[in-house]
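Engineer: Let the hints inform the model, and build the full structure from the sequences given.
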Amino acid sequence: MLIFSKGRMKLAAIGLSLAVLALVVSQSIVYASSGNTQAVAQGYSSDSSVQTGMIVSLDTNDSQKVVPLSFNNITKMLGVVVPANNATITIGSTNATHQVFVTNYGTHEVLVSNQNGPISVGDYVTISNIAGVGMKADGNESIVLGQASGNFNGTNNVVGTTVLTGVNGQKTTVSLGMVPVAISIANNPLAEGPKGLPAFLKKITKFATNKSVSALRVYLSMFIVLAGVILAITIIYSGVRNGLISLGRNPLAKKTISGSLIRVALFGIIIFAISLGVAYAVLL
7 MLIFSKGRMK
17 LAAIGLSLAV
27 LALVVSQSIV
37 YASSGNTQAV
47 AQGYSSDSSV
57 QTGMIVSLDT
67 NDSQKVVPLS
77 FNNITKMLGV
87 VVPANNATIT
97 IGSTNATHQV
107 FVTNYGTHEV
117 LVSNQNGPIS
127 VGDYVTISNI
137 AGVGMKADGN
147 ESIVLGQASG
157 NFNGTNNVVG
167 TTVLTGVNGQ
177 KTTVSLGMVP
187 VAISIANNPL
197 AEGPKGLPAF
207 LKKITKFATN
217 KSVSALRVYL
227 SMFIVLAGVI
237 LAITIIYSGV
247 RNGLISLGRN
257 PLAKKTISGS
267 LIRVALFGII
277 IFAISLGVAY
287 AVLL
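The sequence shown begins at 7 in my numbering and counts up one residue at a time.
Read the hints as simulated data drawn from the structure, not as lab findings.
Accuracy of the hints is not assured; some may be wrong.
[Stated by the list, open to error] Result set (DSS-like, lysine-lysine): computed pairs, CA atoms no more than 25 Å apart in a straight line:
| id | residue 1 | residue 2 |
| --- | --- | --- |
| 1 | 82 | 71 |
| 2 | 82 | 212 |
| 3 | 260 | 82 |
[As the list claims (entries may be wrong)] Using C-beta positions, here's what the derived DEER-type ranges look like:
| id | residue 1 | residue 2 | range |
| --- | --- | --- | --- |
| 4 | 266 | 195 | 37 to 43 Å |
| 5 | 190 | 225 | 30 to 36 Å |
| 6 | 78 | 272 | 34 to 40 Å |
| 7 | 236 | 159 | 34 to 40 Å |
| 8 | 272 | 204 | 32 to 38 Å |
| 9 | 209 | 269 | 36 to 42 Å |
| 10 | 104 | 79 | 19 to 25 Å |
Heads up, the beta-carbon is just placed ideally off N, CA and C, and yes, glycines get one too.
Structural biologist: As structure tokens, then:
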């Protein structure tokens, strides 16, 4: 009976140790997850137009300077301006006349507008027609900043307004506000892809290149592959045909003719492989 009791005590001790270990691990995971809302921020110089919460890109004339991101330069999205104390580590120069800190990871307040409608939790956020200001993304933008962790309906928590002028001269007043965004710059999952392409071609090119490709480039790459296939088949067919004719005329040259056929087949395969490489380069 004593032995049985000792055995139970050992099992209980092991079970208690495992429970404590599981608790420590779970708390570490929770702590790590909460700590991910902060990140490294890089310091850049800027002019006074760059404010906290703005989406920025590098200045084309100075890689140490950032400017408010414009819609036309959406592919150059760098990150969001954050207060220095919002990042775990800040890296920057102390001699900059006007220094800002930019991060591209974590959850931070972003200046947004309701240009594309109200923003709700889970909506993708991208750059709007207002330089440096975000908006709700739809299928017309190639890049997104991340997903909203809060709401902005254009009525509550408004920090300002501005007027946009459309292509037809119509003016629209939009509201500006701050909303937390889980930043993860990536291709827009909502992007509809180029017009003039069947859905299956859009999926194939998206999978192959991880970006939206114009219909012209897709069809050009298909033409290159088709030309490569035709050329390879023609070379191989001609080689086999001539080889068989030569073999019929001179059976003793079988070994030489077989070697020639192998070389012709390899040449056809190389032609096809080159066409594939060129077609893929066109897509990129």
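Engineer: The structure should be examined with respect to each hint, and the outcome stated for every one.
Structural biologist: Here is how each hint holds up against the structure:
no.: 1; hint: 82 with 71; in the structure: 13 Å, holds
no.: 2; hint: 82 with 212; in the structure: 20 Å, holds
no.: 3; hint: 260 with 82; in the structure: 62 Å, violated
no.: 4; hint: 266 with 195: 37 to 43 Å; in the structure: 52 Å, violated
no.: 5; hint: 190 with 225: 30 to 36 Å; in the structure: 33 Å, holds
no.: 6; hint: 78 with 272: 34 to 40 Å; in the structure: 48 Å, violated
no.: 7; hint: 236 with 159: 34 to 40 Å; in the structure: 58 Å, violated
no.: 8; hint: 272 with 204: 32 to 38 Å; in the structure: 34 Å, holds
no.: 9; hint: 209 with 269: 36 to 42 Å; in the structure: 38 Å, holds
no.: 10; hint: 104 with 79: 19 to 25 Å; in the structure: 21 Å, holds
Violated hints, listed in ascending order, are 3, 4, 6, 7; each of the other numbered hints is respected by the structure.
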